[in-house]
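Enquirer: Line by line, the protein sequences are chains A and B.
Residue 1 is where the first sequence starts when you use our numbering, and the numbers rise one by one after that.
Residue 317 is where the second sequence starts when you use our numbering, and the numbers rise one by one after that.
I should point out that these hints are in silico values taken from the structure, not numbers from a laboratory.
A quick note: this is a predicted structure, and the numbers were derived from the prediction, not measured.
No residue lacks a Cβ here, since even glycine has one placed at the ideal position from N, Cα and C.
Any given hint could be a false lead.
[To be verified] In silico SDA-like links for lysine to any residue, alpha-carbon gap of 20 Å or less:
| id | chain 1 | residue 1 | chain 2 | residue 2 |
| --- | --- | --- | --- | --- |
| 1 | B | K459 | A | W54 |
| 2 | A | K119 | B | R333 |
| 3 | A | K158 | B | P374 |
| 4 | A | K119 | B | L330 |
[Said to hold, decoys possible] Non-contacting residues of chain A with respect to chain B, defined by C-beta distances greater than 10 Å in every case (computed):
| id | residue |
| --- | --- |
| 5 | L71 |
| 6 | A72 |
| 7 | A75 |
| 8 | H79 |
| 9 | D80 |
| 10 | F88 |
| 11 | A99 |
| 12 | I100 |
| 13 | A159 |
| 14 | I166 |
| 15 | G170 |
| 16 | Q171 |
| 17 | R176 |
| 18 | G214 |
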Amino acid sequence: MTVEIETPARLAPQEDRTAGRWWDNPNVLGVLFMAPAAAILLVFLAYPLALGFWLGLTDASIGDPGRFVGLANFASFAHDAVFWLVVFNTIFYTVVASAIKFGLGLYLALLLDRRLPFKAFVRAIVLLPFVVPTVLSAIAFWWIYDPQFSILSWTLMKAGVISHFIDFLGQPWNARFSVIAANIWRGVPFVAITLLAGLQTIPPSLYEAATLDGASAWQRFRHITFPMLTPIIAVVMTFSVLMTFADFQLIYAITKGGPINATHLMATLSFERAITGGRLGEGAAIADAMAPFLVGAVLFSYFGLQRRRWQHGARD
Amino acid sequence: MAATPEGMEYLERLPRRLVTLYLPLAIMLFVLLFPFYWMGTTSFKPDEELYDYAHFNPFLVVHPTLQHVRKLFFETSYPSWLINTMIVSVASTAISLISSVFAAYAVERLRFTGARYVGLAIFLAYLVPPSILFIPLAAVIFKLGLFDTLWALILTYPTFLVPFCTWLLMGYFRTIPHELEECAMIDGASRLQVLWMITLPLAVPGLISAGIFAFTLSWNEFVYALTFISSSENKTVPVGAITELVEGDVYHWGSLMAAALLGSLPVVVLYSFFVEYYVSSLTGAVKE
Numbered sequence: 001m002t003v004e005i006e007t008p009a010r011l012a013p014q015e016d017r018t019a020g021r022w023w024d025n026p027n028v029l030g031v032l033f034m035a036p037a038a039a040i041l042l043v044f045l046a047y048p049l050a051l052g053f054w055l056g057l058t059d060a061s062i063g064d065p066g067r068f069v070g071l072a073n074f075a076s077f078a079h080d081a082v083f084w085l086v087v088f089n090t091i092f093y094t095v096v097a098s099a100i101k102f103g104l105g106l107y108l109a110l111l112l113d114r115r116l117p118f119k120a121f122v123r124a125i126v127l128l129p130f131v132v133p134t135v136l137s138a139i140a141f142w143w144i145y146d147p148q149f150s151i152l153s154w155t156l157m158k159a160g161v162i163s164h165f166i167d168f169l170g171q172p173w174n175a176r177f178s179v180i181a182a183n184i185w186r187g188v189p190f191v192a193i194t195l196l197a198g199l200q201t202i203p204p205s206l207y208e209a210a211t212l213d214g215a216s217a218w219q220r221f222r223h224i225t226f227p228m229l230t231p232i233i234a235v236v237m238t239f240s241v242l243m244t245f246a247d248f249q250l251i252y253a254i255t256k257g258g259p260i261n262a263t264h265l266m267a268t269l270s271f272e273r274a275i276t277g278g279r280l281g282e283g284a285a286i287a288d289a290m291a292p293f294l295v296g297a298v299l300f301s302y303f304g305l306q307r308r309r310w311q312h313g314a315r316d
Numbered sequence: 317m318a319a320t321p322e323g324m325e326y327l328e329r330l331p332r333r334l335v336t337l338y339l340p341l342a343i344m345l346f347v348l349l350f351p352f353y354w355m356g357t358t359s360f361k362p363d364e365e366l367y368d369y370a371h372f373n374p375f376l377v378v379h380p381t382l383q384h385v386r387k388l389f390f391e392t393s394y395p396s397w398l399i400n401t402m403i404v405s406v407a408s409t410a411i412s413l414i415s416s417v418f419a420a421y422a423v424e425r426l427r428f429t430g431a432r433y434v435g436l437a438i439f440l441a442y443l444v445p446p447s448i449l450f451i452p453l454a455a456v457i458f459k460l461g462l463f464d465t466l467w468a469l470i471l472t473y474p475t476f477l478v479p480f481c482t483w484l485l486m487g488y489f490r491t492i493p494h495e496l497e498e499c500a501m502i503d504g505a506s507r508l509q510v511l512w513m514i515t516l517p518l519a520v521p522g523l524i525s526a527g528i529f530a531f532t533l534s535w536n537e538f539v540y541a542l543t544f545i546s547s548s549e550n551k552t553v554p555v556g557a558i559t560e561l562v563e564g565d566v567y568h569w570g571s572l573m574a575a576a577l578l579g580s581l582p583v584v585v586l587y588s589f590f591v592e593y594y595v596s597s598l599t600g601a602v603k604e
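With these hints in hand, go ahead and build the complete structure from the sequences.
Expert: Next comes the structure, spelled out in structure tokens:
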């Protein structure tokens, strides 16, 4: 009896009090909770991003804030053969490396998705190249590509495939493919493990039904695995393309852009001009020139995510 | 190319599995692991063996030596690079985790006005690569008087860690039932108490995932450390290895490989203890 009477009487003022407490107001509390992250991101991310676009429009150098020169930096690229070579390098590097990473990564993911002894252990090992600091593994590749002591050349010579040591990093095209190989080595585990996570969400009953209907292994892959995997492929490959396009460490560690700029990417060229050469404005302009490609990748990713939402039932 | 689910694999014979599964997998594993093997053997080979393929099989170590490791620790600043990398990674991970917990909770649970857009902005921030930020960021660091200090790294690494951790934790908080928090609030708990006593204890696996991944990301960072640090004793392992150990015409491959091996060890050890957490944060960041 008493309880029945008491409950509404106690609830009402409680409700009022909660609404009045400013520290439980979602908007006030939201601002407070967001403050640390927002402060970091505004000062060290948003502001530098804006500053980068401004610097690209100036002739700033190290120790000199510079003057506004409009689009002069970008105009100078028109006659800059090195710049266009580097744009070509970057696109070539990104397209070739990403395509192979996707192919090998998907293949490896399909292998790892099958019944395997020590599956967890194998998966843990596969991811190692991605876990180890890129620069440190890049130094190992540099050593593997050594002109005099390359273990690859030595093995191929012993096997009788080649007659003299390969000049991996001395010839432009050799160097390009050598750094692409190192990038693929590092990137395949990421693609494979994330696609594997996607593969594991596909219900086995789909395959069983298809097999009963007489579908071949290729047909099962083509009509079940691939369509079910498309959304996650879109996201994974966007990340992969983004990381490859903006790659810096690998090139800096293995070739520093050589020979004769054959492996320079836009990121390494902007470092060379801005930090090594001291021409901040010009370097910033090169970094700015990367933005359109990155925005393209982001839009691609956004629509990839949208499609996933649509497939799995939106939750927002 | 067989996309065979586990349930039907009893239909396959061993020779077929050998050709379609074990052989390609073995080749891939060999290629993925060989650089580590090469790193390891080079680190422990004496110089006489290292540069004499005629008398010694390069794949084997005949007389293992610690001379390269000794050189690294007693003749270079390697120990201080290790300590610097450790300090920077721990500090930036801690800062990022704390601010990300609050940010993720605010976006995911408080649902303040505009939370959706903040969530989207955080995702976009995650996609900004350091290689287009380092030039203006160097100017900012210089203006703040942080150039050539570890603070420059501790404060800039969160620019890529906070978006990542927040994004991951948002996904994690989403899996915790609302009802638990509502129960606590009906019992009179404030939002802060709910976060501290209900949500965080339930989110521990998510916190570990985010922390491990953030730690390895900071350990691996290169561009900022290369740009913002100039004096040898303030460098991190990746930067020190590439800028200080390759001076001159003669590359000391033994100590370079030892530097690479020992510099990778901390993250690999951490990774081996928390593989599941690492993988779940890697895939979680892509899936959500």
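Enquirer: Run every hint past the structure and note whether it holds.
Expert: Evaluation of the provided hints:
Taking the CA atoms of B:K459 and A:W54, the gap is near 16 Å; set against the 20 Å cutoff, the hint holds. About 15 Å separates the Cα atoms of A:K119 and B:R333, which keeps this hinted pair within 20 Å; it holds. Taken as a hint, the A:K158 and B:P374 pair is honoured in the structure, with Cα atoms around 12 Å apart against an allowance of 20 Å. Of the supplied pair hints, the one linking A:K119 and B:L330 holds, its CA atoms being roughly 17 Å apart against a limit of 20 Å.
At the 10 Å boundary, the C-beta of A:L71 stays outside the reach of chain B, the nearest C-beta of that chain being 18 Å off. Every Cβ of chain B is farther than 10 Å from the Cβ of A:A72; the closest lies at roughly 17 Å, confirming the non-interface assignment. Remark: the non-interface label on A:A75 is consistent with the geometry, its nearest Cβ contact in chain B lying 19 Å away (cut-off 10 Å). With 10 Å as the threshold on Cβ separation, the claim that A:H79 sits away from chain B holds: the shortest Cβ distance comes to roughly 23 Å.
Against chain B, the non-interface label of A:D80 holds: every CB pair exceeds 10 Å, the least being about 18 Å. In this structure A:F88 is separated from chain B by more than 10 Å, as the shortest Cβ-Cβ distance comes to about 18 Å. At roughly 17 Å, the least C-beta separation between A:A99 and chain B is larger than 10 Å, which holds for a residue marked as non-interface. For A:I100, the condition that its CB be more than 10 Å from all CB atoms of chain B holds, with the nearest at approximately 13 Å.
Against the 10 Å criterion, A:A159 stays outside the reach of chain B, whose nearest CB is about 13 Å from its own CB. Distance check for A:I166 against chain B: the nearest CB is about 15 Å away, which clears 10 Å, and the non-interface claim stands. Listed as a non-interface residue, A:G170 keeps its Cβ farther than 10 Å from every Cβ of chain B; the least gap is roughly 15 Å. Remark: the non-interface label on A:Q171 is consistent with the geometry, its nearest Cβ contact in chain B lying 20 Å away (cut-off 10 Å).
Residue-level check passed: A:R176 sits 19 Å from the nearest beta carbon of chain B, beyond 10 Å. Its beta-carbon lying about 14 Å from the closest one in chain B, A:G214 satisfies the requirement of being farther than 10 Å from that chain.
The earlier numbered hints are all upheld by this structure, with none contradicted.
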